[in-house]
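Colleague: Line by line, the protein sequences are chains A and B. Residue numbers for the first sequence follow the numbering used here, so the first one is 1 and each next one is one higher. Residue numbers for the second sequence follow the numbering used here, so the first one is 1 and each next one is one higher.
Read the hints as simulated data drawn from the structure, not as lab findings. Beta carbons are placed, not taken as given, at the ideal position from N, Cα and C, and that holds for glycine. Hints are supplied without guarantee of correctness; some may be wrong.
[To be verified] Subject to a maximum C-alpha distance of 20 Å in a straight line, what follows is the list of computed DMTMM-like cross-link-like pairs (lysine to aspartate or glutamate):
#1 Lys387(B) / Asp90(A)
#2 Lys387(B) / Glu56(A)
#3 Lys228(B) / Glu250(B)
#4 Lys387(B) / Glu400(B)
#5 Lys86(A) / Glu395(B)
[Unchecked claim] Residues on chain B that point at chain A, a partial pick, calculated with CB under 7 Å:
#6 Pro389
#7 Ala398
#8 Asp851
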Amino acid sequence: VNRGQRGRIPRREKRPMTIKMTLLVVDDDADVLGALKTKLERTGRYDVLTATSGHEALERLRERRPDLIVCDIDMPDMDGGGLAAKLREDRSTAALPLVFVSGLVEPEDAQGRVGGWPMLSKRSPIDHLVKKIDELVAKTT
Amino acid sequence: VTLLGSAPAGAPDASFFSANREKVFYALAIAGTVFLLPFSLNNFWQGRLLLGVLTMVVAACFIVNALAIYRGKLPPVPVVFICLPALVGLAISMATQGLVGILWSYPAMLLFHFVLARRFANLFNACIVLFAGPFVYQQFGAVLAGRVVVTLTLTIVFTNIFSRITEAQQRSLREQVTLTANQVKLTSELLEAVPMSVAVRDTEGRFVQVNRTWERYFNLKREQAYGKRFSELPGWEENPELAQTARAAEEVDRRAVERGPDDPADPIERSRLGRTYLNTRRAFVDTAGRPIGVVSATLDITEQKAMAEQLATEQRRMDLVVRAARVGIVDWDGRTHATFYSPRFRKILGHAPDADTSGWPDYFKVMIHPDDRERVVTRWRSFIRGKGPEGPGGEYYAPEEYRLLRADGSYVWVQVSGVAVRDDNGFVIRWIAAVTDITKRRAQEQALRESVQLREDVERMSRHDLKTPLNSVIAVSRLLRENSRLAAEDEELLSTLERAGYRILNMVNLSLDLFRMEQGTYRFNPRAIDLVDVARKVAADLESQASSKNVAVRLRQARGDAAPGGASPTSLLAHGEELLCYSMLANLLKNAIEASPERSTVTITLEGAGETVRLHVHNLGAVPESVRASFFTKYATSGKGAGLGLGTYSARLMARVQGGDIGLRTSEEEGTTITVTLAAAAQDDAVPTGTATSPARAEAERLPELPALRVLVVDDDEFNRLVMRRILPSPPLTLELAVNGRAALDAAARQWPDAVLLDLEMPVMDGYETAARLREMERADGRKRCTIVAISSNDDRATMDRAIAGGCDHYLVKPAPRETIWQILAGRKVPAEPEATSRDETDTWAPVLVDPDLRESLPAFLESRRQALDEIPIALARDDRAALRRLAHKLAGGFSLYGFAWAAAQCRALERDAPEAEAAALTARAAAVRDYLQRVEIRFGTGGVASSSRHA
Numbered sequence: 001v002n003r004g005q006r007g008r009i010p011r012r013e014k015r016p017m018t019i020k021m022t023l024l025v026v027d028d029d030a031d032v033l034g035a036l037k038t039k040l041e042r043t044g045r046y047d048v049l050t051a052t053s054g055h056e057a058l059e060r061l062r063e064r065r066p067d068l069i070v071c072d073i074d075m076p077d078m079d080g081g082g083l084a085a086k087l088r089e090d091r092s093t094a095a096l097p098l099v100f101v102s103g104l105v106e107p108e109d110a111q112g113r114v115g116g117w118p119m120l121s122k123r124s125p126i127d128h129l130v131k132k133i134d135e136l137v138a139k140t141t
Numbered sequence: 001v002t003l004l005g006s007a008p009a010g011a012p013d014a015s016f017f018s019a020n021r022e023k024v025f026y027a028l029a030i031a032g033t034v035f036l037l038p039f040s041l042n043n044f045w046q047g048r049l050l051l052g053v054l055t056m057v058v059a060a061c062f063i064v065n066a067l068a069i070y071r072g073k074l075p076p077v078p079v080v081f082i083c084l085p086a087l088v089g090l091a092i093s094m095a096t097q098g099l100v101g102i103l104w105s106y107p108a109m110l111l112f113h114f115v116l117a118r119r120f121a122n123l124f125n126a127c128i129v130l131f132a133g134p135f136v137y138q139q140f141g142a143v144l145a146g147r148v149v150v151t152l153t154l155t156i157v158f159t160n161i162f163s164r165i166t167e168a169q170q171r172s173l174r175e176q177v178t179l180t181a182n183q184v185k186l187t188s189e190l191l192e193a194v195p196m197s198v199a200v201r202d203t204e205g206r207f208v209q210v211n212r213t214w215e216r217y218f219n220l221k222r223e224q225a226y227g228k229r230f231s232e233l234p235g236w237e238e239n240p241e242l243a244q245t246a247r248a249a250e251e252v253d254r255r256a257v258e259r260g261p262d263d264p265a266d267p268i269e270r271s272r273l274g275r276t277y278l279n280t281r282r283a284f285v286d287t288a289g290r291p292i293g294v295v296s297a298t299l300d301i302t303e304q305k306a307m308a309e310q311l312a313t314e315q316r317r318m319d320l321v322v323r324a325a326r327v328g329i330v331d332w333d334g335r336t337h338a339t340f341y342s343p344r345f346r347k348i349l350g351h352a353p354d355a356d357t358s359g360w361p362d363y364f365k366v367m368i369h370p371d372d373r374e375r376v377v378t379r380w381r382s383f384i385r386g387k388g389p390e391g392p393g394g395e396y397y398a399p400e401e402y403r404l405l406r407a408d409g410s411y412v413w414v415q416v417s418g419v420a421v422r423d424d425n426g427f428v429i430r431w432i433a434a435v436t437d438i439t440k441r442r443a444q445e446q447a448l449r450e451s452v453q454l455r456e457d458v459e460r461m462s463r464h465d466l467k468t469p470l471n472s473v474i475a476v477s478r479l480l481r482e483n484s485r486l487a488a489e490d491e492e493l494l495s496t497l498e499r500a501g502y503r504i505l506n507m508v509n510l511s512l513d514l515f516r517m518e519q520g521t522y523r524f525n526p527r528a529i530d531l532v533d534v535a536r537k538v539a540a541d542l543e544s545q546a547s548s549k550n551v552a553v554r555l556r557q558a559r560g561d562a563a564p565g566g567a568s569p570t571s572l573l574a575h576g577e578e579l580l581c582y583s584m585l586a587n588l589l590k591n592a593i594e595a596s597p598e599r600s601t602v603t604i605t606l607e608g609a610g611e612t613v614r615l616h617v618h619n620l621g622a623v624p625e626s627v628r629a630s631f632f633t634k635y636a637t638s639g640k641g642a643g644l645g646l647g648t649y650s651a652r653l654m655a656r657v658q659g660g661d662i663g664l665r666t667s668e669e670e671g672t673t674i675t676v677t678l679a680a681a682a683q684d685d686a687v688p689t690g691t692a693t694s695p696a697r698a699e700a701e702r703l704p705e706l707p708a709l710r711v712l713v714v715d716d717d718e719f720n721r722l723v724m725r726r727i728l729p730s731p732p733l734t735l736e737l738a739v740n741g742r743a744a745l746d747a748a749a750r751q752w753p754d755a756v757l758l759d760l761e762m763p764v765m766d767g768y769e770t771a772a773r774l775r776e777m778e779r780a781d782g783r784k785r786c787t788i789v790a791i792s793s794n795d796d797r798a799t800m801d802r803a804i805a806g807g808c809d810h811y812l813v814k815p816a817p818r819e820t821i822w823q824i825l826a827g828r829k830v831p832a833e834p835e836a837t838s839r840d841e842t843d844t845w846a847p848v849l850v851d852p853d854l855r856e857s858l859p860a861f862l863e864s865r866r867q868a869l870d871e872i873p874i875a876l877a878r879d880d881r882a883a884l885r886r887l888a889h890k891l892a893g894g895f896s897l898y899g900f901a902w903a904a905a906q907c908r909a910l911e912r913d914a915p916e917a918e919a920a921a922l923t924a925r926a927a928a929v930r931d932y933l934q935r936v937e938i939r940f941g942t943g944g945v946a947s948s949s950r951h952a
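Isolated chain B, as found in the complex (with noise of 0.2 Å):
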């Protein structure tokens, strides 16, 4: 059944037929109506009518299949069934007719040959042998059998060899024209997918080929190209450039024709609208060598040649930056270890900028100054394993300031920041970095902190220079006052001077303070303050002023508070700083009356409520709308000839200083309301007796009696030296001066003072280093214990701590009070048995209170304290200060947490001291330390804040 067509092309059973059907139908077709025709009548015209039947069967059913097939339709009837008469024609003619049947076989046996599969073929056609040659024998005798038998073999193996040989040529054609198209569709497809357009052009500069790329960049269709010249492509002729374009590419074309396909010409770059290409052309040649076209491939580069200018400029760029930057950079390859050095860096080192680096020493390992070497190394080697700060993908190297090897042997200052390329560890492959010469900024710098320490310094000393003048006028006009009799006028006028004096003084004290408020060091020190009070202090002393612009000052309790509503106030507690309140509000009253309205009233008004109060100043006039945003802000007045602008900043600071706050509401209407906010004055706040200064004056009134005391007074201004000899009489008491510190140790060595009134800024030798010798002299003679008073302008604590610490009993700033120091002269018994000098009321002695916690390491920590006080006297005799200063420091440490505050102060002193001090007053101080620890009373508690022993 499957005998027609159905076997696949090229397979080795299909028979010829099958590969041929087409032509094998048309000649069979042909043959059956030429030949067979007559043969079929004749059968007819014999009488022989089933032989006639059956061939005219066989000579229609090629004809109908030569039909069909030239229709183009499958042929209708199958070929076993045209075998089929045939095979029965056969075996009937050779029944009836003997040879002639015989003679039929052979053109049947071709006939089967040719329509069936070889297989089949060859099974009927040995059916046919197997069928002739018994009957032959049987008809004409076994000479004949024998020839027909073998020539109908012999036929059947010619077939075979000529439909094997046919076939095989046939395969070998099939399989080149599949390869052939094969490789017809490869070159196409490779021609559509490379990214550069491609043209094919026969020898008349007609285009034969292009492909996609090809399309993109001319913009047409290939179809529109095919068989035109370049000239010839739409478009192209109205255009003037692109003609122009044209004709120069069909001279290109032509030359390239010239040169042959063995000798391409370069690569030529050309711009077409506005683009610019890459083209290559060649000639190819047909196998006798004949030129017979041009291929001409071009590649689009305008992007990378736009790319590859900007990388250029960026080259260029980063050069004159790297340059103009004066940095020097450092290339390090983290796999090679090759360096890089920029001329600049080699500049930078002191070496010419083309200086040849190939020789030069390791970076990390010699060119580093060994004095930072360990440090930048540790640095850089947790920084490249991905181990420092940095992270483990950390890029940047955070700039580090070290020195590095110059060529002539000296070292540069240089700060180092880079970026580093890390691969897939976090190890550094790569490391450029960034290295700046700062030798002129870290000069800068130094520059910078002795000025700023120059100017602190002169500060503090103008402020000092300032106040040792004024102290002279308040006391000697004050001395004036109280000892001599003076007319009523003069005494009117001295009080005058003496108040200015002391204004003078508050403003330098203010000046100071308004200055630690704004760095933030001030210490702020509440007590309760009646507001009240302090409100009709500035209300009067702004009377004058308020007077003289007509201006009405008024007093008053907010309404609904527990006094009368509008009744005069009688006292309101906030937690504050007297002076500061009074500044504040003498600002705050003082701006109100200069922008009121003449013949107006400014009004306080008092408020408390609750946790805080308040405190209103209220004026008519409006503060200006351009000034309001920046009312509070430092130098900002308005309309003002005179002042500074820093009345309400400083209004503010101080009122944030105690913990409160300043607003300010105004409005045309309404006038201008500045209201203060400040903490109500808690339980425990220290309660005045009365005005700040009353407790001296309370005191003046009954002055003590003096004894019989010997006071050495140490101050190299005379004016004060003058003062003090009027404030302590000369009988009860012996006064001896001295202009310096040189010179009150020689007094106190020809005789030993009871009481020591020190000036701690003096030149030759200061009062703190007089202090400490006074202390030396006094344990090394076994003199009995004097008291040092340190008497200073400066009132700030370091200067307290250090006076303290360097042996001073008490510590006054002047104007010190003559009350005060009679006060201290008359308390001080002096005893009469040199054996209780020691244990005496100055707190040094007092019991040092341990916090329980600490019990069990109390002794481990004592035995460390001990040793490292005994190293004192050891790093002095080597002189090794830093040692020294370590060793203080570290004791000062342990001993305030410890409790021990007077060891810890005698520590500071000694660590601060360290560098300049003679030795022997250090290992003085420091025996002094070690004999307390062995002698001070020791207790367990806490709750007490042990208070430092300080007198102010």
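The following block holds chain A by itself, in its conformation from the complex (with noise of 0.2 Å):
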């Protein structure tokens, strides 16, 4: 774990020929979105949709496929759960790889899955977020 922290290699690297992975991240705070946008697509390894509530987060899905959608549970309109469960209950995007984030859980609880998807905190600093989103990506991609 602290590998990373010693070794230190600049972390804003341009690494040649990689592919970009595609996230969908859903939240209806626009800083939140923002903030999540910027970090993640600084990483210099996503392209990064954003939806602000779960009907545009289907919107966004018809236009593109992404590899990993990171989802705001507690929303208006249409949330979290309300999107996951439309997913699920189409063939063609049921498989997509979805994760929860939650201001509702500690980080150290966030290891439980809701309805099967996993789900991290957002009571953790964004670099810790954009961590934990790392090795998801690692692990189901």
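Using the hints, put the two standalone chains together into the complex.
Modeller: Set out below in structure tokens:
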């Protein structure tokens, strides 16, 4: 775990020839969304699509198929659970990897799964969340 | 050359001869023999040798051809060759005999007309006229010549007219024959082709014609039937059933004849040899109206009939199923928008089952509850257009729950699922939905949720209730031991009591932990654990149990390890939790001792193997075959009167929670070995300095000096208050006791305390609210900041968070050790000047570390947070608690990610308390957060895990 911090590799180093993963981040808070987009894109590993509600996320999905959906749980209109249920109903999207992010759980408790999807906590600093997403992407792809 | 018979039949130029070749040659042969022969012989007699030969040749040719035709062969002599000698003979006889030659030209003309194609015959005959005319004129003058020419020409004209008439007659005859033949052929083909059996019988009932299907139905060849009656069909007389059928059939035939063709009987269904047929009879009559027979057409309808019956059965069953399932059916036609509602559906909506639905309002626009309408209609629209998640061809409409308008104006909860039929464009043209009344189910679900909630509440409360008196038991016995001068025996008894109390407490705590492990919510808190140490302790604690069975417990290091083989091991560090390791090993060892034969040895072998460490517990008893497979499952025991079979189950649970596993090897010869595998301690694992409880004990050796503080103890339990009074020495401290939050606030208002020891679960006003109110008072009245220490029997994270967020500085789990409380009180430097109140050592005001990547967006972020915070009082003014909750939730989410841990915790507390807490408290908290944002120091950097302000 600590190795990454010890080896002082410049973090924004351009990696040649890496294929960028596409993430779809869904959160109703524009600030959170912006922060995540910035942070994830700065890693150089992701293209980030954003949506501020479940409905918008479904729209985005029609345009492009992401490698992972990062979805807030508590949103007005269509919440994360609703979105996940929609995705699962449809055969074409049922297999899309999805991870919930929630402010309702502690990072330590966020190892559990909600309805079969992994869950990450929003209660940690952003670089921790990004690291968790990295791990998930590595695991799911 | 093509003159003879080569012209196709019916061709306009064909001669009469070619059409009637046979008759012509027979007639010519006879005529040649009878009439020509005497004249030929006369020619020889008269000395006209050449003429005699020529006429003989002509006659001979006729006879030869007639004979050939008679034998069925082609006539050997071409017609032209017959004509040539005739023409030559005619010329000679004209030349030598004058008028006699002219007379012979009439039959010659007729002959040519009959034997040559008409065009050639006319040519020849015209030649004869041209040749005879001048000849007669020369010999007998113009009068005779004219008459000869006229008569000859008339002969040509008549023969032409005659042959044309006969040809026309022949042609029409031929056409009629062809037509009839074709019709007959067509009829019989038709008869063969129809998939029904057709038979034609004469008035006597004899078969005249049958078709192929008839042959198949009757399994007979048509030759076997022609000319026979039903009863005479092969095999019919012998079979009584068929004989009966035959009689009936003949009777029906008779009746059909009697009825006549204009009044046929209706089709009759009849069965023969297990199959069912549909039969029609119809008499047919000749042109005079006399009956000449019966046409009988039969169709085998066995399959159709079976299918129809099956369909009817299915329909009946379907009706029953629909009725039995108590499912309402809605059948919607996408083209006409007509909707059928089943009786059951009408009943669900509170109408009579036979209510008239024609005037019902639109299903989607009116019948669905307004709150559900948009959701349902949106989904439905995309579904019928094939744009929903079901895809363009999606048939199945997954169950959806919403409310429908009932007859009495109320709403009923229903679950609707359906199947759609789509047209080529994917548009839904028919949709059949099953509608279930789920009002009851929803009520049950609600009740279930409530009961689960209740059970959890009861469980948590009983745990709390159990722990509170237990804490008193432990604390009182300890106080007695420490503060009184007791006899050695009494001292021993009290320490036994205290240990027993701790054991119960550990059991309660462990059962809670096991529950969490099962739920997967256990928070693993690993450090380096010395397994040797743990094993020694377990062995020591189970010593009496082992000795009562005469079983020795031996501890050894695996051979090949760093330590000398078999020697007493020194240490083996594993990555785990001490309490878990202890409980796990205690369970395993207890089982091993129980299962071990008397006077044998139980061996604990410790083995370090690189990344992992192993621990083997071996005894000589074998696990019975029957329980081996379920050895580690819950409630599996073998031959034990007592015990729930939780030992091995919980051992495995604990091994797995610690990232390891557990295995079993057992046999009659070798006994049983249970192997626990755990990860070896990592380098950065915290190494305990001694036993788990030792830090506290070490601290106990040197209790700090307590400053003179005013301490407010708030607890509803009198024993706890008693214990606190004993723990906290009255000088130098000044103690005030309160039984609940309200009393505490009153006490604080009278005299502001330096420290508050606050129980969280209390009647009237609980600890959370008390802490918040205290902080509020502090701010409002400009009091100096007091230390609030929450003390609770709950050790779960949520409770801790809530307490910290509510304004507590420290969180202690009961029983709170005296040493820790002393530490907190002593460590707390009460400042003399109120100036430095806020920025004390609590990490509330620690600089916030923001990720450098977010530097640009930070100002906008802070601005939007401030706006949201400003909206909180507005929402409260409207008493819109839901809006408040949303705002708080949004704030909390953003704060955490940006690194504002304290603000996030405050906002989470806001979110949680939003529904009930008093507006003033909430406003104060929001204001505190806003104030915090203004003043907190912000740094940019990464790496540091911003620790939340929590003390446990």
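Colleague: If you check each hint against the structure, which ones fail?
Modeller: Violated hints: none at all, because every hint is consistent with the structure.
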